[in-house]
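Chemist: Below, each chain spelled out in residue letters.
There are 2 protein chains.
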Amino acid sequence: MNDSLRSIATIMKDINSVLIYPHINMDGDALGSCSALCLALRSLGKKAYVMISEPVPKNLDFLECGCTTTDDSVIEDVELSLMLDCNSSNRIVGREAAFERGRLKGCIDHHAVGVTDIKFDFFRSEPKSAATGEIIYQLIRNLGVEINLDIANCLFAAITTDTGNFQHNNTTKRSHDIVGHFYQVAGFDSKAISALIYDRQSKEALMMEGKILSALEFHADGKVAVGAVTQALLTECHCTMDEAEGMIQRIMSIDGVEVGALFKETTDNIRVSLRGKYYANVAAVATVFGGGGHIKAAGCTFNTPLATAKEQLIPELVKAVKK
Amino acid sequence: MNDSLRSIATIMKDINSVLIYPHINMDGDALGSCSALCLALRSLGKKAYVMISEPVPKNLDFLECGCTTTDDSVIEDVELSLMLDCNSSNRIVGREAAFERGRLKGCIDHHAVGVTDIKFDFFRSEPKSAATGEIIYQLIRNLGVEINLDIANCLFAAITTDTGNFQHNNTTKRSHDIVGHFYQVAGFDSKAISALIYDRQSKEALMMEGKILSALEFHADGKVAVGAVTQALLTECHCTMDEAEGMIQRIMSIDGVEVGALFKETTDNIRVSLRGKYYANVAAVATVFGGGGHIKAAGCTFNTPLATAKEQLIPELVKAVKK
Numbered sequence: 090m091n092d093s094l095r096s097i098a099t100i101m102k103d104i105n106s107v108l109i110y111p112h113i114n115m116d117g118d119a120l121g122s123c124s125a126l127c128l129a130l131r132s133l134g135k136k137a138y139v140m141i142s143e144p145v146p147k148n149l150d151f152l153e154c155g156c157t158t159t160d161d162s163v164i165e166d167v168e169l170s171l172m173l174d175c176n177s178s179n180r181i182v183g184r185e186a187a188f189e190r191g192r193l194k195g196c197i198d199h200h201a202v203g204v205t206d207i208k209f210d211f212f213r214s215e216p217k218s219a220a221t222g223e224i225i226y227q228l229i230r231n232l233g234v235e236i237n238l239d240i241a242n243c244l245f246a247a248i249t250t251d252t253g254n255f256q257h258n259n260t261t262k263r264s265h266d267i268v269g270h271f272y273q274v275a276g277f278d279s280k281a282i283s284a285l286i287y288d289r290q291s292k293e294a295l296m297m298e299g300k301i302l303s304a305l306e307f308h309a310d311g312k313v314a315v316g317a318v319t320q321a322l323l324t325e326c327h328c329t330m331d332e333a334e335g336m337i338q339r340i341m342s343i344d345g346v347e348v349g350a351l352f353k354e355t356t357d358n359i360r361v362s363l364r365g366k367y368y369a370n371v372a373a374v375a376t377v378f379g380g381g382g383h384i385k386a387a388g389c390t391f392n393t394p395l396a397t398a399k400e401q402l403i404p405e406l407v408k409a410v411k412k
Numbered sequence: 090m091n092d093s094l095r096s097i098a099t100i101m102k103d104i105n106s107v108l109i110y111p112h113i114n115m116d117g118d119a120l121g122s123c124s125a126l127c128l129a130l131r132s133l134g135k136k137a138y139v140m141i142s143e144p145v146p147k148n149l150d151f152l153e154c155g156c157t158t159t160d161d162s163v164i165e166d167v168e169l170s171l172m173l174d175c176n177s178s179n180r181i182v183g184r185e186a187a188f189e190r191g192r193l194k195g196c197i198d199h200h201a202v203g204v205t206d207i208k209f210d211f212f213r214s215e216p217k218s219a220a221t222g223e224i225i226y227q228l229i230r231n232l233g234v235e236i237n238l239d240i241a242n243c244l245f246a247a248i249t250t251d252t253g254n255f256q257h258n259n260t261t262k263r264s265h266d267i268v269g270h271f272y273q274v275a276g277f278d279s280k281a282i283s284a285l286i287y288d289r290q291s292k293e294a295l296m297m298e299g300k301i302l303s304a305l306e307f308h309a310d311g312k313v314a315v316g317a318v319t320q321a322l323l324t325e326c327h328c329t330m331d332e333a334e335g336m337i338q339r340i341m342s343i344d345g346v347e348v349g350a351l352f353k354e355t356t357d358n359i360r361v362s363l364r365g366k367y368y369a370n371v372a373a374v375a376t377v378f379g380g381g382g383h384i385k386a387a388g389c390t391f392n393t394p395l396a397t398a399k400e401q402l403i404p405e406l407v408k409a410v411k412k
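Heads up: the protein sequence lines correspond to chains G and F, in order.
If you count the first sequence from 1, position 284 lands on 373 in our numbering, and the numbers rise without skipping.
If you count the second sequence from 1, position 147 lands on 236 in our numbering, and the numbers rise without skipping.
Just so you know, not all the hints are guaranteed correct.
Since the list gives no way to pick out one identical chain from another, each pair is judged satisfied if it fits inside one copy or across any two copies.
Stated by the list, open to error - Below, a list of computed lysine-lysine pairs in the DSS-like style, where the Cα atoms sit at most 27 angstroms apart: (1) Lys300 / Lys312; (2) Lys312 / Lys280; (3) Lys292 / Lys412; (4) Lys292 / Lys312; (5) Lys292 / Lys280; (6) Lys292 / Lys411; (7) Lys135 / Lys262; (8) Lys280 / Lys262; (9) Lys412 / Lys312; (10) Lys102 / Lys300; (11) Lys102 / Lys412; (12) Lys408 / Lys280; (13) Lys312 / Lys399; (14) Lys102 / Lys208; (15) Lys262 / Lys412; (16) Lys262 / Lys217.
Calculated directly from the structure, the hints in this document are not laboratory data.
Note that the structure is a prediction, hence the values are computed from the model and not measured.
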């Protein structure tokens, strides 16, 4: 099943209260899409909130727009629970019970759909959309809502982060067409939004970056580069994990590196970000370990110590760079 | 005088041999624009080359496209000398005599025009274009030439580098409209071009980056950040100056930094890149020292030792961050 945005808009027009759910470890696309839709629904007189259960990363704070809440009781009668940028309950960990409160349940996502454990009343998946923000843009237009400055800012953040600033090969003509529209919104300033997202790195984070880069491991004649962010390093540098977000791009910027991996040691597990440059399929590697994603940007999780996770993953990465 | 692209296209259609000149210290917009136009002219059966006098930066090597030459005698009778992305003879240092050989002289640029010392037969300046590549795109269409893959790659490189990957506030709806077109060209892959430009940093350059960042100076309560690339540092790190190109962006990514300056000690002089984040006008600062550029991205040159250049410039930068 893949419902049309027109039919989803028709359903949503008839609904008065919505809780919108971004995935855990929220990123610019998840939060930007949720807040943009929340603002659009509010402009139609509906009660709407974005339901989160973790702190918003500092560089995305401007995407809250007064929409986020950690308390689902903010709406008494939830007519719709809507999941954005994800499609299964393990991506809204800690909020599953709240999500179940929705009389209707919906999902709009651009990730490839695995086995979802939720019975959605409506569902739209567009794996060819570079960002969920692109789909939300279309939905907002189907709702008949004008793109105002706040919505444009949220959707610009969503699309620019998920496309790697229009460089990744998920970017399409449509990505540029949609973003082009934002420049017609009074007051829109791509540089100001971009500076909020990218240009608030702390000096501490810069120091941590230096340490991560100088400790990189290389395999397969330099085609595989592996970095790690441990809890010990975060403590030493007075940093939080979200300050290491850009590190995988730095790893990929190295000449000759085809596959990059960044191991992130959280308090619960080891999360790994994987990237491919020209030909390697890192989604296939992630799948081996129960993860997933896109061909050139994927991820997986290990419930083992860091050393064990590396021992298991690195040989698969080495295989992936052998053409 | 500001000739229309239509009239310039009319002139160019009647001409059989063209030497195209990018500015010294060529960047992606200069070389990408020159090669794109060169390829377009060749597809019309004309003799065309891009005349350079310095090595092409490694990350831009794919923009040569068989177009570049360091020998202007490659064309015997130069019907047109065409300057792109610059508008005065001090920007084509070492090639002024060759430029004079053109029976006609033209200029197409997106920089604000200062006092030019050349008598151009045609001239087009579009300071509102984010990149000269945007103007060349229009010119190529006026010439009736189809945008093929090589041309799309050159113009994508031109526009994406000069807009800071569509983040700088010179970016417009038109920037996105033009780039959107490239996705309709068979084989176009933004990621592949982007990887060629940005993802071939050497490990040595990464090391140098660490050294530059750890030696940054801050002034005006951290609002002004100043970095330097000296000849000694280049020697120590086995790097060339073009490998430090991205450093000014790294400086600007620091929280609280409003103005960034990168002093580049060449064998001849001190070149300074200046950037503003939200409100500071660095073009005005550059002008004080005989330089120029855009409000948020400008540059100037000092014929003094590094320490003297810093002493002169830093107080002006401190003034520029006082609102």
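Chemist: Run every hint past the structure and note whether it holds.
Modeler: So, going through the hints one by one against the coordinates:
| no. | hint | in the structure |
| --- | --- | --- |
| 1 | Lys300 / Lys312 | both (21 angstroms within a copy, 25 angstroms between copies) |
| 2 | Lys312 / Lys280 | between (34 angstroms within a copy, 18 angstroms between copies) |
| 3 | Lys292 / Lys412 | between (40 angstroms within a copy, 24 angstroms between copies) |
| 4 | Lys292 / Lys312 | between (30 angstroms within a copy, 13 angstroms between copies) |
| 5 | Lys292 / Lys280 | within (21 angstroms within a copy, 30 angstroms between copies) |
| 6 | Lys292 / Lys411 | between (38 angstroms within a copy, 22 angstroms between copies) |
| 7 | Lys135 / Lys262 | neither (33 angstroms within a copy, 32 angstroms between copies) |
| 8 | Lys280 / Lys262 | both (21 angstroms within a copy, 14 angstroms between copies) |
| 9 | Lys412 / Lys312 | within (12 angstroms within a copy, 48 angstroms between copies) |
| 10 | Lys102 / Lys300 | neither (51 angstroms within a copy, 56 angstroms between copies) |
| 11 | Lys102 / Lys412 | neither (50 angstroms within a copy, 46 angstroms between copies) |
| 12 | Lys408 / Lys280 | between (40 angstroms within a copy, 22 angstroms between copies) |
| 13 | Lys312 / Lys399 | within (16 angstroms within a copy, 41 angstroms between copies) |
| 14 | Lys102 / Lys208 | within (21 angstroms within a copy, 64 angstroms between copies) |
| 15 | Lys262 / Lys412 | neither (30 angstroms within a copy, 40 angstroms between copies) |
| 16 | Lys262 / Lys217 | both (12 angstroms within a copy, 22 angstroms between copies) |
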